[in-house]
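Read in order, the letters of the sequence shown correspond to residues 1 to 397 in full-length UniProt numbering.
To be clear, the hints were calculated from the coordinates, so they are not data collected in a lab.
A couple of the hints might just be wrong.
To be verified - Calculated pairs, BS3-like style, for lysine-lysine (alpha carbon to alpha carbon, straight line, at most 30 Å):
1) Lys-319 - Lys-249
2) Lys-80 - Lys-151
3) Lys-319 - Lys-339
4) Lys-296 - Lys-363
5) Lys-303 - Lys-319
6) Lys-370 - Lys-345
7) Lys-197 - Lys-249
8) Lys-303 - Lys-372
9) Lys-226 - Lys-278
10) Lys-332 - Lys-315
11) Lys-395 - Lys-339
12) Lys-151 - Lys-127
13) Lys-127 - Lys-197
14) Lys-372 - Lys-296
15) Lys-180 - Lys-197
16) Lys-187 - Lys-151
17) Lys-345 - Lys-393
18) Lys-278 - Lys-303
19) Lys-339 - Lys-363
20) Lys-296 - Lys-315
21) Lys-274 - Lys-226
22) Lys-127 - Lys-191
23) Lys-226 - Lys-122
24) Lys-274 - Lys-372
25) Lys-296 - Lys-278
26) Lys-191 - Lys-207
27) Lys-180 - Lys-151
28) Lys-319 - Lys-395
29) Lys-332 - Lys-363
30) Lys-372 - Lys-345
31) Lys-303 - Lys-315
32) Lys-207 - Lys-226
33) Lys-127 - Lys-180
34) Lys-296 - Lys-339
35) Lys-191 - Lys-226
36) Lys-151 - Lys-123
37) Lys-372 - Lys-395
38) Lys-345 - Lys-395
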Amino acid sequence: MECQHRADDDEDFWNSNEKHYFCFDKEDQEALINRPENLKPLLSVISEKTLYCIIALDKIENINEESNNICIEPDITLRKILMGQSYSLEPYKSLASKTALLNSAVRSGNGNAIIIIILFLKKTLKKSLFYRLLAERTEAVNIYIHYLSIKLETNEITDILSMLGQSENSAMINLHIILKNIQDCDKLLHKLRNCYKTQFFNLIDCKETQFLNSYIELLEWCLAVKNTDNGEKIETNCSVLDFLRYICKNDKYSSQSALMFSQQHNVSLEQYHKIIIKVKASLGEWESIDNIFLTKGWRGNIKLQTSLPVEDIIKLLYKEHAPLNVIEKYLKYVDIIDKRLELAKSFNCYRIAIDIFVEQGDKTALLEYKNKLQPQSEEYFYATNALRIPSVKWKNN
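Hey, can you work out the whole structure from these sequences and the hints?
This is how it looks when you write it as structure tokens:
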């Protein structure tokens, strides 16, 4: 009967409306911890069911106290984020509260805070709803796209910007990520081909479309050279002009190959001619230069065919230390006599200069020129002999 009466008291205690608490002060706690051996165990005083009810009630009270301290105030939450204080985004469950939180983050102008809120929304909203919220806030989109670029999340970048109708921007960002982060030539070529097909194929008016297409072709050339020449002489990530120099320098490739490559990659004819002159001159292949620029006409006369001014060719040859006879050969194609004479003097082409004085019958000018020459030198004797030509009618004799 006594046990039954104790159980009924326990039931009445927990079914009553009054709140009851167990409170142990420090002395009580120490007494419980350091209890004498003659004290009875706790379960002998109350039932096991009653003990579980006490523990559960204590947990409920703690949760209620914490809940009372949490409020949905976006500005306060943002202030905590910005100040590095502890914060919780758990209370923001409704769409309205999440929207207000994002707006508060955007107003703060802090990129880190905006990213924190965006990532929270991404985890807690449907994709379509998440994208809709972003689309209405340009600053949030820009910061999120930058974040995705760092994380190399190209697929999501494409999804967001395509939804916003920014296909060209999406293509450019994807191309930038690929070029910046992939070094291996084979992988780079594969990625660029895929980027061209998925991002640039329909962007006909985008100038980068042609650039990408040309770059893909350049990589294809580079890989072909790498596979045939063991990659010992050319970097696979070289520029168009560097590769053109390589082709011009390598005996395995004809001038037609170099010309075809330059045309394929929109290298101007003037630029191509400058490069081939410099490369062939650095190798001392003067005859190769002649074969490119000098052609025989139908009457057997030799003509100069180039898109460069002949003066530029002469200056390039002189800069590359071409032999005197090579420079003189091209000086003859300067039509204006006074210009030819000026260039001959500048580049020490004494035979051309003296021949012009003789042709003009200008003995005074020839004597002045001779006096500036090194006595007993080859050019000095050439001037002396020119003055003795009996058939010349000197106009100032």
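Cross-check of the supplied hints:
| no. | hint | result |
| --- | --- | --- |
| 1 | Lys-319 - Lys-249 | 18 Å, holds |
| 2 | Lys-80 - Lys-151 | 26 Å, holds |
| 3 | Lys-319 - Lys-339 | 19 Å, holds |
| 4 | Lys-296 - Lys-363 | 35 Å, violated |
| 5 | Lys-303 - Lys-319 | 23 Å, holds |
| 6 | Lys-370 - Lys-345 | 12 Å, holds |
| 7 | Lys-197 - Lys-249 | 34 Å, violated |
| 8 | Lys-303 - Lys-372 | 34 Å, violated |
| 9 | Lys-226 - Lys-278 | 24 Å, holds |
| 10 | Lys-332 - Lys-315 | 14 Å, holds |
| 11 | Lys-395 - Lys-339 | 21 Å, holds |
| 12 | Lys-151 - Lys-127 | 19 Å, holds |
| 13 | Lys-127 - Lys-197 | 26 Å, holds |
| 14 | Lys-372 - Lys-296 | 38 Å, violated |
| 15 | Lys-180 - Lys-197 | 19 Å, holds |
| 16 | Lys-187 - Lys-151 | 19 Å, holds |
| 17 | Lys-345 - Lys-393 | 23 Å, holds |
| 18 | Lys-278 - Lys-303 | 21 Å, holds |
| 19 | Lys-339 - Lys-363 | 19 Å, holds |
| 20 | Lys-296 - Lys-315 | 24 Å, holds |
| 21 | Lys-274 - Lys-226 | 26 Å, holds |
| 22 | Lys-127 - Lys-191 | 27 Å, holds |
| 23 | Lys-226 - Lys-122 | 46 Å, violated |
| 24 | Lys-274 - Lys-372 | 33 Å, violated |
| 25 | Lys-296 - Lys-278 | 23 Å, holds |
| 26 | Lys-191 - Lys-207 | 19 Å, holds |
| 27 | Lys-180 - Lys-151 | 13 Å, holds |
| 28 | Lys-319 - Lys-395 | 36 Å, violated |
| 29 | Lys-332 - Lys-363 | 21 Å, holds |
| 30 | Lys-372 - Lys-345 | 11 Å, holds |
| 31 | Lys-303 - Lys-315 | 19 Å, holds |
| 32 | Lys-207 - Lys-226 | 29 Å, holds |
| 33 | Lys-127 - Lys-180 | 29 Å, holds |
| 34 | Lys-296 - Lys-339 | 25 Å, holds |
| 35 | Lys-191 - Lys-226 | 19 Å, holds |
| 36 | Lys-151 - Lys-123 | 17 Å, holds |
| 37 | Lys-372 - Lys-395 | 22 Å, holds |
| 38 | Lys-345 - Lys-395 | 22 Å, holds |
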